[in-house]
Amino acid sequence: MSWLKKIFGRTTSNASAKNTSATAPYSPNNAIDVSPFSAEKAYRIFSPRSSQEIARWAKEFPEFREIVGYSFLGHFFLRNPDSQEYIVLHPFKGAAKSYRVHASVEDFEKNVLNEQGFSLYVLRPDHVAEIHLLLGELEEDEIYIPEPYPFLGGTQAPETYSKGNVWLFMDIVGQMGGLED
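Numbering (this note's numbering), first residue to last: 275 to 455.
Hints listed in this document are in silico derivations from the structure and should not be mistaken for laboratory results. Honestly, I wouldn't trust all of these hints.
Unchecked claim - Below, in silico cross-link-like pairs of lysine to aspartate or glutamate (DMTMM-like), each with a Cα-Cα straight-line distance of 20 Å or less:
id, residue 1, residue 2
1, 315, 356
2, 367, 445
3, 371, 340
Claimed, not checked - What follows is a set of in silico ranges between Cβ atoms, one per label pair, in the way DEER data are often shown:
id, residue 1, residue 2, range
4, 390, 367, 18 to 26 Å
5, 356, 410, 36 to 44 Å
6, 415, 455, 16 to 24 Å
7, 403, 454, 18 to 26 Å
8, 385, 314, 17 to 25 Å
9, 324, 380, 15 to 23 Å
10, 329, 411, 26 to 34 Å
11, 413, 367, 22 to 30 Å
Glycine included, each C-beta is placed from N, C-alpha and C at the ideal position.
Based on the sequences and whatever the hints tell you, model everything.
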């Protein structure tokens, strides 16, 4: 898995995540129902799901057992339910970055997803809006996928995107990156 860049620069699959203490325990009251499509937001938040839904990736980040959302360009938002630490998984880069501990999904959304720099460089709402004009609104479990993938020479120009299932996308990108079943 040398292509996979773990959080904090680790590259081995048995590396553990930074252990930080939680500021608040997980509670079902912190869960959010699936958010509607919004090209301006460029992401979807939902009640925590098992990271086993992206099993190839879950093995690489075993402490992050919950998925709380994804961007419309294919980034995943994972949470360690024990420490309340959040990471953003960048599948095309084979990388994940820690965004530290947050008391709730709402807190993570407010302080990370809605932060101007994160939005500009990761979520890219202007890019999503251009693609939306070409392809239309996404359904639940759909994202915009560039063809070919960037690591296969794709340009990510708006006209190169199509719609696809987010869960299948993660499996295919992981498989192409050499992640085991």
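Hints, one by one, checked against the model:
{"no.": "1", "hint": "315 x 356", "in the structure": "violated, 28 Å"}
{"no.": "2", "hint": "367 x 445", "in the structure": "holds, 14 Å"}
{"no.": "3", "hint": "371 x 340", "in the structure": "holds, 15 Å"}
{"no.": "4", "hint": "390 x 367: 18 to 26 Å", "in the structure": "holds, 21 Å"}
{"no.": "5", "hint": "356 x 410: 36 to 44 Å", "in the structure": "holds, 40 Å"}
{"no.": "6", "hint": "415 x 455: 16 to 24 Å", "in the structure": "holds, 21 Å"}
{"no.": "7", "hint": "403 x 454: 18 to 26 Å", "in the structure": "violated, 37 Å"}
{"no.": "8", "hint": "385 x 314: 17 to 25 Å", "in the structure": "holds, 18 Å"}
{"no.": "9", "hint": "324 x 380: 15 to 23 Å", "in the structure": "holds, 21 Å"}
{"no.": "10", "hint": "329 x 411: 26 to 34 Å", "in the structure": "holds, 29 Å"}
{"no.": "11", "hint": "413 x 367: 22 to 30 Å", "in the structure": "holds, 26 Å"}
Of the numbered hints listed earlier, those contradicted by the structure are 1, 7.
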